[in-house]
Amino acid sequence: GQQVMQIPQYQHVQEGEDFTTYCNSSTTLSNIQWYKQRPGGHPVFLIQLVKSGEVKKQKRLTFQFGEAKKNSSLHITATQTTDVGTYFCAGLGSNDYKLSFGAGTTVTVRA
Amino acid sequence: DAGVTQSPTHLIKTRGQHVTLRCSPISGHKSVSWYQQVLGQGPQFIFQYYEKEERGRGNFPDRFSARQFPNYSSELNVNALLLGDSALYLCASRLDLNTEAFFGQGTRLTVV
Chain B
1 GQQVMQIPQY
11 QHVQEGEDFT
21 TYCNSSTTLS
31 NIQWYKQRPG
41 GHPVFLIQLV
51 KSGEVKKQKR
61 LTFQFGEAKK
71 NSSLHITATQ
81 TTDVGTYFCA
91 GLGSNDYKLS
101 FGAGTTVTVR
111 A
Chain X
1 DAGVTQSPTH
11 LIKTRGQHVT
21 LRCSPISGHK
31 SVSWYQQVLG
41 QGPQFIFQYY
51 EKEERGRGNF
61 PDRFSARQFP
71 NYSSELNVNA
81 LLLGDSALYL
91 CASRLDLNTE
101 AFFGQGTRLT
111 VV
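These protein sequences, in sequence, are chains B and X. Just so you know, the first sequence maps onto residues 1 to 111 in the numbering used here. Just so you know, the second sequence maps onto residues 1 to 112 in the numbering used here.
Just so you know, these hints were derived from the structure itself, not from any lab. Beta carbons are placed, not taken as given, at the ideal position from N, Cα and C, and that holds for glycine. One or more hints might be untrue.
Computed beta-carbon distance windows for the label pairs [as the list claims (entries may be wrong)]:
#: 1; chain 1: X; residue 1: T20; chain 2: B; residue 2: R38; range: 26 to 32 Å
#: 2; chain 1: B; residue 1: V55; chain 2: X; residue 2: T5; range: 47 to 53 Å
#: 3; chain 1: B; residue 1: G53; chain 2: X; residue 2: L95; range: 21 to 27 Å
#: 4; chain 1: X; residue 1: L82; chain 2: B; residue 2: Q58; range: 36 to 42 Å
#: 5; chain 1: B; residue 1: G1; chain 2: X; residue 2: N98; range: 17 to 23 Å
#: 6; chain 1: X; residue 1: V38; chain 2: B; residue 2: I7; range: 16 to 22 Å
#: 7; chain 1: X; residue 1: T20; chain 2: B; residue 2: T27; range: 17 to 23 Å
#: 8; chain 1: X; residue 1: P70; chain 2: B; residue 2: Q14; range: 21 to 27 Å
#: 9; chain 1: X; residue 1: L82; chain 2: B; residue 2: R38; range: 27 to 33 Å
#: 10; chain 1: X; residue 1: L39; chain 2: B; residue 2: Q14; range: 25 to 31 Å
#: 11; chain 1: X; residue 1: N79; chain 2: B; residue 2: Q14; range: 44 to 50 Å
#: 12; chain 1: X; residue 1: R108; chain 2: B; residue 2: E15; range: 45 to 51 Å
#: 13; chain 1: B; residue 1: D96; chain 2: X; residue 2: N71; range: 20 to 26 Å
#: 14; chain 1: B; residue 1: E15; chain 2: X; residue 2: T20; range: 43 to 49 Å
Examples of chain B residues toward chain X, derived with CB under 7 Å [to be verified]:
#: 15; residue: Q33
#: 16; residue: R38
#: 17; residue: H42
#: 18; residue: P43
#: 19; residue: F45
#: 20; residue: G85
#: 21; residue: F88
#: 22; residue: S94
#: 23; residue: D96
#: 24; residue: Y97
#: 25; residue: S100
#: 26; residue: F101
#: 27; residue: G102
#: 28; residue: G104
Construct the entire structure; sequences and hints are all you get.
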């Protein structure tokens, strides 16, 4: 079945630095979605990428979908304390429309 | 607009008991999915329903079952509870099968 892998599991960042989290699927995806979950909360939708090679930006966040529609990345510039949380990628299967989540990247920020 | 509502928010059960978790999706959303999230891990897919039909099942034992009602609300049932079933159970509402998911606050289940 479809598997979504995400690295790194933890990211400790100095405030103001940049970092990237990566997501890879074992199968070709219909789309890739990114979510953020704050401690004690539930996942909140950030963005959806549909087209091969698509790049979208939300302020300091840049999301990319690979050419083969099997991998994605999230790059955050000038990290702030408000970026703390766990970022999940979720791949939508091409045939079954099952949304499968990666294990997440938990981000902590040093002021 | 009401978001996704789940009940109860917290639940403590004893091993071997049965539990029913409930979810009301966003009005107009046709798809409801259930996920299990263990602390420190990503949500694991349990079931997906679309237009009241099951459209996918994850790698969970037959003790887990679900259904979607005519008003699109959904129930997740778990029989013969095990300690390992302790987790946050999340309900996700989607307008359609290829759109983004909106999650409820979840039900925190503790099995003792």
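Hints, one by one, checked against the model:
| no. | hint | verdict |
| --- | --- | --- |
| 1 | T20/X <-> R38/B: 26 to 32 Å | holds, 28 Å |
| 2 | V55/B <-> T5/X: 47 to 53 Å | violated, 35 Å |
| 3 | G53/B <-> L95/X: 21 to 27 Å | holds, 26 Å |
| 4 | L82/X <-> Q58/B: 36 to 42 Å | holds, 41 Å |
| 5 | G1/B <-> N98/X: 17 to 23 Å | holds, 19 Å |
| 6 | V38/X <-> I7/B: 16 to 22 Å | holds, 19 Å |
| 7 | T20/X <-> T27/B: 17 to 23 Å | violated, 33 Å |
| 8 | P70/X <-> Q14/B: 21 to 27 Å | violated, 53 Å |
| 9 | L82/X <-> R38/B: 27 to 33 Å | holds, 29 Å |
| 10 | L39/X <-> Q14/B: 25 to 31 Å | holds, 27 Å |
| 11 | N79/X <-> Q14/B: 44 to 50 Å | holds, 49 Å |
| 12 | R108/X <-> E15/B: 45 to 51 Å | violated, 32 Å |
| 13 | D96/B <-> N71/X: 20 to 26 Å | holds, 25 Å |
| 14 | E15/B <-> T20/X: 43 to 49 Å | holds, 45 Å |
| 15 | Q33 | holds, 6 Å |
| 16 | R38 | violated, 12 Å |
| 17 | H42 | holds, 4 Å |
| 18 | P43 | holds, 5 Å |
| 19 | F45 | holds, 4 Å |
| 20 | G85 | violated, 13 Å |
| 21 | F88 | holds, 6 Å |
| 22 | S94 | violated, 10 Å |
| 23 | D96 | holds, 5 Å |
| 24 | Y97 | holds, 4 Å |
| 25 | S100 | holds, 6 Å |
| 26 | F101 | holds, 4 Å |
| 27 | G102 | holds, 6 Å |
| 28 | G104 | holds, 5 Å |
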